[in-house]
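Construct all of the structure, not just a fragment, from the sequences and the given hints.
2 protein chains.
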Amino acid sequence: MSGRNNKSKSGVDTSRRGFLTAGLAGGAALAATGMARANGDPLITEIQDWNRYLGDGVDAAPYGMPSEFEAHVVRRDVPWLTADPVSSVNFTPLHELDGIITPNGLCFERHHGGVAEIDPADHRLMIHGLVERPLVFTMQDLMRFPRENRIYFLECAANSGMEWRGSQLNGCQFTHGMVHCVVYTGVPLKYLLDEAGVKTSGKWLLAEGADAAAMTRSIPIEKALEDCLVAFKMNGEALRPEQGYPVRLVVPGWEGNMWIKWLRRLEVGDEPWGQREETSKYTDLLANGQARRHTWAMEVKSVITSPSPQAPIAHGPGRTVITGLAWSGNGRIDRVDVSLDGGRNWRPARIDGPSISKALHRFYLDIDWDGSEMLLQSRAMDETGMIQPMKDELRAARGENSIYHNNGIQTWHVNGDGVAENVEVS
Amino acid sequence: MSGRNNKSKSGVDTSRRGFLTAGLAGGAALAATGMARANGDPLITEIQDWNRYLGDGVDAAPYGMPSEFEAHVVRRDVPWLTADPVSSVNFTPLHELDGIITPNGLCFERHHGGVAEIDPADHRLMIHGLVERPLVFTMQDLMRFPRENRIYFLECAANSGMEWRGSQLNGCQFTHGMVHCVVYTGVPLKYLLDEAGVKTSGKWLLAEGADAAAMTRSIPIEKALEDCLVAFKMNGEALRPEQGYPVRLVVPGWEGNMWIKWLRRLEVGDEPWGQREETSKYTDLLANGQARRHTWAMEVKSVITSPSPQAPIAHGPGRTVITGLAWSGNGRIDRVDVSLDGGRNWRPARIDGPSISKALHRFYLDIDWDGSEMLLQSRAMDETGMIQPMKDELRAARGENSIYHNNGIQTWHVNGDGVAENVEVS
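The listed protein sequences correspond, in order, to chains A and B. full-length UniProt numbering puts the first residue of the first sequence at 1, with every later residue one more than the last. full-length UniProt numbering puts the first residue of the second sequence at 1, with every later residue one more than the last.
For the record, the hints were derived by calculation from the structure and aren't laboratory data. Ideal placement from N, C-alpha and C gives every residue a C-beta, glycine not left out. Heads up, some of the hints might be wrong.
Unchecked claim - On the chain A side, residues computed to face chain B include the following (Cβ under 7 Å):
id : residue
1  : R75
2  : V78
3  : L97
4  : T102
5  : K223
6  : E226
7  : E237
8  : E400
9  : G418
Stated by the list, open to error - Anything over 10 Å on all C-beta distances counts as not near chain B; from chain A, calculated:
id : residue
10 : A61
11 : D98
12 : H123
13 : R144
14 : R165
15 : S201
16 : E242
17 : W262
18 : W273
19 : G353
20 : A396
21 : V419
Structure below.
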């Protein structure tokens, strides 16, 4: 564990109003941000190729792709994390993104038997067990039920799991990149269960995927009826194959492995099944040898995405945007505080964009950085009053056997050159 | 003009509550939706390949793409519409999408000199003219100002332009597909103008693109200071090249050609410039030979996206989801009504998902279709009380020389087989 106790002097505090006022003051602020007077830059008087020659026409790209200059903005896996890439994970490049929506092509992947490539015409969803009418739905059948659109984050239970043992991976893509947030379109699961008629003895639901791992989880019927969706679209278009095309379960606020992808079967029963993925995995071994189970909700969490180890401050002292993400499986985020000095002093960040229950929230702190080293931290509070803990508080409560549900405060050390590093303060 | 006056009997009215109750009634409803009892479908007992063999691992697709079974969901151009694809348009496949967010790869394109492929390191934005301090910004400079995230629709002024002459193109992708809606991240333009210091004589802004067409428009300074953004991200990632990478202007609610892409220059002046694209184009020639100009706002509008000519009802009578989009450059949508009988009777649609000013709104009407022919229409009302007009009302007011700003009510005729066609009722 690379402990670090020295506190930085940190950048001078500037409220948003103060920052903007300072920005208008003239010469000093201009010099600080590096902006040039209009007559000082040859790129203004030169005519570039893109101004001189016609570009591609509207028939060039039926499905558009990012600029070649964004080729570094990709999901990345860490080969040594797992034995084989078919039962593994890659990570959302959080440090390159902004706002609260994750583009479909950059949503992290986690699968247990590779990506099932399903022909929707041959896909069926069966509902059976303790129901009045066992049913089989084609995709077309599902499209005939009333639909809803909802924005939710999805976080893998193992997100930040390596951090239980201290700072390990150098970049928020790797420490926190098993989270994404999209708009889902789907049918409330309640409508399908009502169609089948759940018997009064039906208290649990088993959801099973059609992939080679037949990923399977037990879900209490109350949650299934409350807010789960059977979703077929994300961000407006069909689900991506790695996200469960043609249909997945959406289990708002709860750990990602319960959001069964390639959903083929829903069985109603009277007790939880105790399948492999809810016994040997996705339980939390405590110090006393007992395991916590049914730890479904993803608790309040946040991370600064820039500056961060993959996104250093490249422009030197002066105006600097600190930004990050916060989320909670229990509802909305009420507040995010940011510290520049490893938790000694905190100031409220600005949450910008829609604040939606169980969705990512984007926060900013605009500072005038004086070039001194910083120990950056963010700390989120949700609408239930839950506050993100220190990692050491988690370890004291749960021991050090855990992999899942690490929502501890993350620290980046930023040196005088703007280079950031994953560290831990105690 | 393919006029059509015969009114269908239309499907039996079912309120949402009534519809769901009916769905629970059992045998009749099940037969109507085509859902099979669980033991009747061989695809449930067979083991498909995707359940038998491992799929691709997490290292297969650093930037993900849609399923091969979605290859038909693409932007499409209409070659005969324009002389050359470098000054042309392609269309968003609205009939295949749901919710209010358009995926970046499917946002329609309109450019006047092809797509500029810009290296952001060599791009500059200059602010000059009637300002205290002419300035040049690098992309890094822009990233140092406070950012905001906002969801807006963007509609081309020429969207539905062919419909002035009666129903022409068979599909909402072509009649209404010059609209998209994404989350923008950017800097309020006001902050940049304040940095430069607009002189009291400065009343207009000229925005110019760095593409081969040097697309240029005049914008009143009040609008520039009110809610325009200098945006560098869409749906969380960098702008796509065809949408102005690395930086574009966002002019909420106003016609798309003013949202200058590849933004390289902002000049402050004391009157509008009268450039080519605001004289010979993007003005509205009236019957008396005079032209309307400065017709900036996109008025209240809606369209049913499914069923529609490219998205017929494929499942026969019974439960049917009617869905569409509504939007207004003046604010939120307050109400959408749907008619099944060419405007004789109207019923309120359900608006689902966030209702955001100057963003797309998604609406649904869930019906139990009896298989009789329908004349489907939608009619939106915005928060200012503006109601979408009939196309003939527009023609009566503006004559038939117009191309732009057709926000008339669209009609789809649906026959007993569920096949839809673009028609006009009068």
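Query raised in the report: When the hints from earlier in the document are held up against this structure, which numbers fail?
Result: Those not satisfied are hints 2, 5, 6, 8, 9, 10, 11, 12, 13, 16, 17, 19.
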